Amino acid sequence: MPGDNIKKIFENTIVKVIVALAIVGAVSGATLVFVYNYAMPKILVNIARETEKGIKNIFPEAAEINDSEIKGLYDIADDTGKIVGYAFLAEGNGYQGTIKLISGIDANATQLKGMEVLESQETPGLGAEITTKKFKSQFINLSITHPIEYLKNRKPEKDYQIEAITGATISSRAVVNILNKRVEEIRKELKK
Amino acid sequence: MIKDFVKGLWRENPVFVQVLGMCPTLAVTTKCVFGLSMGLATTFVIVSSVVVISTIRKLVPEQVRIPMFTVIIATFVTAADYFLKANFFEISKALGPYIPLIVVNCVILGRAEAFASKHGVARSFLDAFGMGIGFTCALVVLGAVREVLGAGTVFGYPVMWEGFTNWIVMVMPAGAFITLGLLVGVFNIVDKRVKSK
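Residue numbers (the numbering used here), protein chains in the order written: chain A, 1 to 192; chain B, 193 to 389.
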């Protein structure tokens with residue numbers, strides 16, 4: 001009888017195992033497609049909103065933000081349509097985990113316009129001070145014709161220097177290194 | 193049946209008695225709101241997975257039950273992760289990798305294996321819900337102690353007097369161990385008092 005054969009196949013453990021796993025996998029995959037379709041547009045909006053907020057902090061005069069011709073750069077224009085600078089994302093290793101920054105430079109690529117921390121897992125009370133206004137404001141109008149330098153427990157003397165956070169030199173250095181690396185890349189791109 | 197629910201809150205509390213799921217317990221309780229979010233996300237995952245698992249428990253071949261449970265749990269974890277990213281972006285960013293890591297929270301697989309694979313849907317649901325709420329309460333209490341001493345706030349509202357110096361150690365990993373140890377101790381003292389009465 002052919003029916004017996006089919007019955008036998010389904011009594012076979014290996015087949016049972018494969019069928020069970022395949023069904024669970026397929027149902028789970030299908031469920032996640034729905035979840036993804038629901039959540040992804042919202043997530044993209046959240047990320048875009050966060051980037052825009054960061055840019056507005058760095059360029060208060062920004063009226064228009066467009067993707068630049070150079071990959072990874074945003075053209076910032078004021079309300080007359082004149083390009084006032086470029087914003088960019090940068091990331092690198094901090095003391096703990098990745099630090100993600102958004103920063104901007106003026107149209108001539110000679111000055112940093114500011115810096116905002118989007119993501120970091122630095123030590124609370126020490127490294128996390130990189131997100132405070134006191135630290136961030138040092139990056140406003142910082143010269144970038146020379147690589148940025150950090151000083152320990154000393155006030156900056158040159159226009160490309162900042163003062164590191166006491167007790168969090170590694171986090172301060174991480175921010176400086178992330179910016180230096182990215183700024184150099186961008187200056188090269190802009191010169192072309 | 194009500195016992196199935198209540199035991200997760202106190203007598204078999206996943207954090208203070210079973211001492212399970214220590215990774216999120218220690219890592220995310222720097223603030224009340226993080227503990228609450230992690231607890232609720234875990235409760236959602238444990239309740240949904242356990243309901244599915246107890247429903248299909250008779251169809252699951254014994255040899256592959258753990259992989260099947262893991263896939264089911266992982267599906268709900270991914271759903272929770274996307275939901276938080278879409279609707280509570282700031283919290284999701286702060287919790288970072290710890291939401292996806294709910295997959296490996298042993299409280300969940302533990303309930304699936306020890307309870308849901310042997311009991312009906314209703315009892316499994318109550319058991320999982322009790323465990324989830326017990327876990328959430330433990331995380332909120334832990335978060336409250338650490339946030340008050342480490343940042344002087346509860347749910348972001350300042351509660352300490354002016355000039356209070358934050359105990360930075362409380363928001364660092366060491367503070368998590370110190371607080372958990374003390375809370376487990378307090379829990380045991382209270383538990384003994386209650387029992388001896």
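Quick caveat, the hints were computed from the structure, so don't treat them as lab data.
Keep in mind that this is a model prediction, so the values were computed, not measured.
Where a beta carbon is used, it is the ideal one built from N, C-alpha and C, also for glycine.
There's no promise every hint is true.
[Claimed, not checked] Now the stretches of chain A that chain B is said to cover, found in silico as 3 or more residues with beta-carbon under 8 angstroms:
| # | region |
| --- | --- |
| 1 | 31-40 |
| 2 | 51-61 |
| 3 | 66-80 |
| 4 | 117-125 |
Hint check results:
no.: 1; hint: 31-40; verdict: holds (count 7)
no.: 2; hint: 51-61; verdict: violated (count 0)
no.: 3; hint: 66-80; verdict: violated (count 0)
no.: 4; hint: 117-125; verdict: holds (count 5)
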